[in-house]
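Visitor: Spelled out from the first residue to the last, the chains are:
Protein chains: 2
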Amino acid sequence: MRSAKTGPVLAKLQGLAKGVVDEIFTLKNPSVAVPTRALSNVKFNEKKSIIELGNEKQKRYFFNVGQARKFMQTFLIASACKTLMGQRKTTSIRDLYYMTKHSMGDSNQNTFDEQEESDPVIEDLEVIVNALREELNLFASNRGALVGNITMVDSGDTINCRRLGSGGWSIPSIVEEDVVKIKDSAAKFILMVEKDAVWRRLNEDKFWSQYNCILIHGQGMAPRGVRRLLHRLVSELKIPLYVFVDNDPWGFYIYSVIKQGSINLAYESMRMAVPSAKFIGLSSFDREKYSLPANVTIKLDDTDRNRAKQILEYPWFQKKDWQRELHHMLKSDVKLELEALSHKGISFVSEKYLPEKLKNKEWLD
Amino acid sequence: MRSAKTGPVLAKLQGLAKGVVDEIFTLKNPSVAVPTRALSNVKFNEKKSIIELGNEKQKRYFFNVGQARKFMQTFLIASACKTLMGQRKTTSIRDLYYMTKHSMGDSNQNTFDEQEESDPVIEDLEVIVNALREELNLFASNRGALVGNITMVDSGDTINCRRLGSGGWSIPSIVEEDVVKIKDSAAKFILMVEKDAVWRRLNEDKFWSQYNCILIHGQGMAPRGVRRLLHRLVSELKIPLYVFVDNDPWGFYIYSVIKQGSINLAYESMRMAVPSAKFIGLSSFDREKYSLPANVTIKLDDTDRNRAKQILEYPWFQKKDWQRELHHMLKSDVKLELEALSHKGISFVSEKYLPEKLKNKEWLD
Chain A
1 MRSAKTGPVL AKLQGLAKGV VDEIFTLKNP SVAVPTRALS NVKFNEKKSI IELGNEKQKR
61 YFFNVGQARK FMQTFLIASA CKTLMGQRKT TSIRDLYYMT KHSMGDSNQN TFDEQEESDP
121 VIEDLEVIVN ALREELNLFA SNRGALVGNI TMVDSGDTIN CRRLGSGGWS IPSIVEEDVV
181 KIKDSAAKFI LMVEKDAVWR RLNEDKFWSQ YNCILIHGQG MAPRGVRRLL HRLVSELKIP
241 LYVFVDNDPW GFYIYSVIKQ GSINLAYESM RMAVPSAKFI GLSSFDREKY SLPANVTIKL
301 DDTDRNRAKQ ILEYPWFQKK DWQRELHHML KSDVKLELEA LSHKGISFVS EKYLPEKLKN
361 KEWLD
Chain B
1 MRSAKTGPVL AKLQGLAKGV VDEIFTLKNP SVAVPTRALS NVKFNEKKSI IELGNEKQKR
61 YFFNVGQARK FMQTFLIASA CKTLMGQRKT TSIRDLYYMT KHSMGDSNQN TFDEQEESDP
121 VIEDLEVIVN ALREELNLFA SNRGALVGNI TMVDSGDTIN CRRLGSGGWS IPSIVEEDVV
181 KIKDSAAKFI LMVEKDAVWR RLNEDKFWSQ YNCILIHGQG MAPRGVRRLL HRLVSELKIP
241 LYVFVDNDPW GFYIYSVIKQ GSINLAYESM RMAVPSAKFI GLSSFDREKY SLPANVTIKL
301 DDTDRNRAKQ ILEYPWFQKK DWQRELHHML KSDVKLELEA LSHKGISFVS EKYLPEKLKN
361 KEWLD
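Protein chains in written order, with my numbering: chain A, 1 to 365; chain B, 1 to 365.
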């Protein structure tokens, strides 16, 4: 259950409805202005180092054959979110689809035919009222876990993340302040690991205790809850974040989404991105540096090569070190998984690799 | 880190090696007997109500061109597991692949070329020494979470599962007794939910507190850690387990794997299956019973229909009620997701559906 603090967002939803009611009373065509969520309206803000949505907007009208359905759906979703917030309940976007799906009058027309129709309307609503879906009481699938030198409060329960055994705290999808609070922490940094298997190695070796940090994984691409939590941890605790991913274009991309946000969800960067995040590995140069044998590397395929070339072009990968990193990957034509380090010994990652990288400040910005 | 108690498994690994050494000293062709993991050697034990491996075995010889490589791999994996157990460390099967992969002598031959080669050898070793891979200190990906009226001990940390907020305890992949202990519980039953979104609805509504139960999800097909934990909870606490899955052939199959094990991993049934598990929903008859509208149902496709027909034939689905259930699904030609219940109200599942089913003992065995 979510507590109060939903006031400002609720007010925005009500403002949205009031605007339309006013238009109706003044005999105008009811409309809603939706910020454009397309590449054309996305830019990289170099100063803030995040991907941002521009100012372009499109009007969605009620009296318009091509827009009436979307107009109706927008308010249907907004109304369901208002109900959720009123009841102080949260739900999944799939649930919301089922909650709002019904036939209209005696017709065979459904409000939504597929979830593919309701999901973009949720994203529209997020940009219209400038709120994260989590603030609209909607959650995504939750993945990821946390252990370390920190105490959290989750839905009123105090959770000592130093005493959570092998499993850790399962990071909820909604980590807004009214649900999740950071109680205290003496950690010096955060280590975000792409893979849960490597996270478990580090947890089992009590890496977080020895190096006084917070250890998080996102089971692949960091889900929204993990990104939002990283953002909060870094801004509230004012400690650095290091990201530890596979040495392949997908790992680099996971890092970049954490750091400056994604193109698709540019409107969330402000509250999700961590521009100060550092990439601690695996670097394409680690293979030589730690003399990893050729048989633990994996040859790049065409998809990898194309993705690496795409990434080379992104404005946020133009720093000299990153260009060098990407060119080296393409030149050596191989990638490396985090698990490849185990070839040097099961605890090589926690006893040598990471301590050395941290000590020598070997990371990319 | 895992504590002592690895003795019996370690002894079995040593016995395996000693057998081969003895054969060498008596100038025999070194061999190992591997129980056959194939459909031909799997049977449904009606009395115990679990799927079991039969007694067929195949010998794997060292002096045999077709078997020498597999023979070598078997002992390579066994040796790595012994090392892990000696160091009291656990690792993933992907890690184990990287740990044991190397070139042989000056040749270009690798011990393993792909993980697809090492995974089956791990399964071989499990049946050879009659131990779960978790007892060999290997873990799978961990998914699933738990909240409820229970206190667990995980790696020495006491975890009060009544005070874990919205995220819950992330269930580790290895839940053997030396890592995870059940400290105390006053719960009357266990509810296992297929989907984490529905689990979160139930957790948010404090269903587990109101109905005094343990609430678990497995994020789809229950992973090994969750199955093993369910087995332990049911046998140690002596309380019933109810399984709550989508109304489709895949949901039915998730239930059946929890209940009597799977064909592929029949050798684990003994320590993973829960023959007393009950199916609490969604039933194909729920659509009419709760007058769910047609537009929240999903039409079966050919894959669904074929899978349902396959399941109809399984010996463990021959009970009258199950045949009726499956025939009704095929006749109505639709399936239902758990989220479809939200059409009746966001907390319909926790306030009406489940309480009624439990009160009226409406489940299938």
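Just so you know, the hints here were simulated from the structure itself, not pulled from any lab data.
As the structure is a prediction and not an experimental result, all values here were calculated from the model.
A couple of the hints might just be wrong.
As the list claims (entries may be wrong) - Cross-link-like lysine-lysine pairs, in silico, DSBU-like; alpha carbons within 30 Å at most:
1. B:Lys289 <-> A:Lys352
2. A:Lys82 <-> B:Lys352
3. B:Lys82 <-> A:Lys183
4. B:Lys183 <-> A:Lys181
5. A:Lys361 <-> B:Lys89
6. B:Lys18 <-> A:Lys183
7. A:Lys12 <-> B:Lys361
8. A:Lys206 <-> B:Lys319
9. B:Lys181 <-> A:Lys89
10. A:Lys70 <-> B:Lys357
11. B:Lys206 <-> A:Lys206
12. B:Lys89 <-> A:Lys188
13. A:Lys344 <-> B:Lys344
14. B:Lys206 <-> A:Lys181
15. A:Lys82 <-> B:Lys183
16. B:Lys57 <-> A:Lys289
17. A:Lys206 <-> B:Lys82
18. A:Lys89 <-> B:Lys82
19. A:Lys89 <-> B:Lys361
20. B:Lys183 <-> A:Lys206
21. B:Lys206 <-> A:Lys70
22. B:Lys18 <-> A:Lys352
23. A:Lys357 <-> B:Lys89
24. A:Lys344 <-> B:Lys183
25. A:Lys359 <-> B:Lys320
Claimed, not checked - Example chain A residues on the side facing chain B (calculated, C-beta under 10 Å, incomplete):
26. Gln58
27. Lys101
28. Gly105
29. Pro240
What the hints assert, rightly or not - Output of the computed footprint for chain B on chain A, the stretches with three or more beta carbons under 8 Å from beta carbons of chain B:
30. 22-36
31. 71-79
32. 161-169
33. 268-274
34. 314-320
Glycine included, every Cβ here is placed at the ideal spot set by N, Cα and C.
Visitor: So, for every hint listed, does it hold in this structure?
Guide: Each hint tested on the structure:
1. B:Lys289 <-> A:Lys352: Not satisfied, since the Cα-Cα distance of roughly 62 Å exceeds 30 Å.
2. A:Lys82 <-> B:Lys352: Roughly 23 Å between the alpha carbons, so the hint for Lys82 of chain A and Lys352 of chain B holds.
3. B:Lys82 <-> A:Lys183: violated, 42 Å
4. B:Lys183 <-> A:Lys181: holds, 28 Å
5. A:Lys361 <-> B:Lys89: holds, 29 Å
6. B:Lys18 <-> A:Lys183: violated, 55 Å
7. A:Lys12 <-> B:Lys361: Answer violated: Lys12 of chain A to Lys361 of chain B is near 46 Å, above 30 Å.
8. A:Lys206 <-> B:Lys319: Given pair Lys206 of chain A, Lys319 of chain B is violated - Cα atoms ~50 Å apart, limit 30 Å.
9. B:Lys181 <-> A:Lys89: violated, 33 Å
10. A:Lys70 <-> B:Lys357: violated, 39 Å
11. B:Lys206 <-> A:Lys206: Roughly 33 Å separates the two Cα atoms, so the pair is violated.
12. B:Lys89 <-> A:Lys188: Answer holds: Lys89 of chain B to Lys188 of chain A is near 26 Å, not above 30 Å.
13. A:Lys344 <-> B:Lys344: violated, 56 Å
14. B:Lys206 <-> A:Lys181: Since the Cα atoms of Lys206 of chain B and Lys181 of chain A sit roughly 20 Å apart, the hinted pair holds (cutoff 30 Å).
15. A:Lys82 <-> B:Lys183: Violated. Lys82 of chain A to Lys183 of chain B sits at ~42 Å, over the 30 Å cutoff.
16. B:Lys57 <-> A:Lys289: Violated, at roughly 47 Å.
17. A:Lys206 <-> B:Lys82: At roughly 22 Å apart (the allowed maximum being 30 Å), Lys82 of chain B and Lys206 of chain A satisfy the hint.
18. A:Lys89 <-> B:Lys82: Measuring from Cα to Cα gives roughly 50 Å; hence the hint is violated.
19. A:Lys89 <-> B:Lys361: Holds. Lys89 of chain A to Lys361 of chain B sits at ~29 Å (cutoff 30 Å).
20. B:Lys183 <-> A:Lys206: Holds, at about 23 Å.
21. B:Lys206 <-> A:Lys70: violated, 36 Å
22. B:Lys18 <-> A:Lys352: Violated, at roughly 35 Å.
23. A:Lys357 <-> B:Lys89: holds, 23 Å
24. A:Lys344 <-> B:Lys183: violated, 38 Å
25. A:Lys359 <-> B:Lys320: Violated, at roughly 67 Å.
26. Gln58: Nearest chain B Cβ about 29 Å off; hint violated.
27. Lys101: At about 6 Å, which falls below the 10 Å cut-off, the nearest Cβ of chain B leaves the hint on Lys101 of chain A intact, so it holds.
28. Gly105: violated, 13 Å
29. Pro240: violated, 25 Å
30. 22-36: violated (count 0)
31. 71-79: violated (count 0)
32. 161-169: It holds: at least three residues are needed, and the stretch 161-169 of chain A offers 7 whose Cβ sits within less than 8 Å of chain B.
33. 268-274: With 0 residues close enough to chain B, the hint is violated.
34. 314-320: violated (count 0)
Figure legend: structure checked against the earlier numbered hints; hints not met, in rising order: 1, 3, 6, 7, 8, 9, 10, 11, 13, 15, 16, 18, 21, 22, 24, 25, 26, 28, 29, 30, 31, 33, 34.
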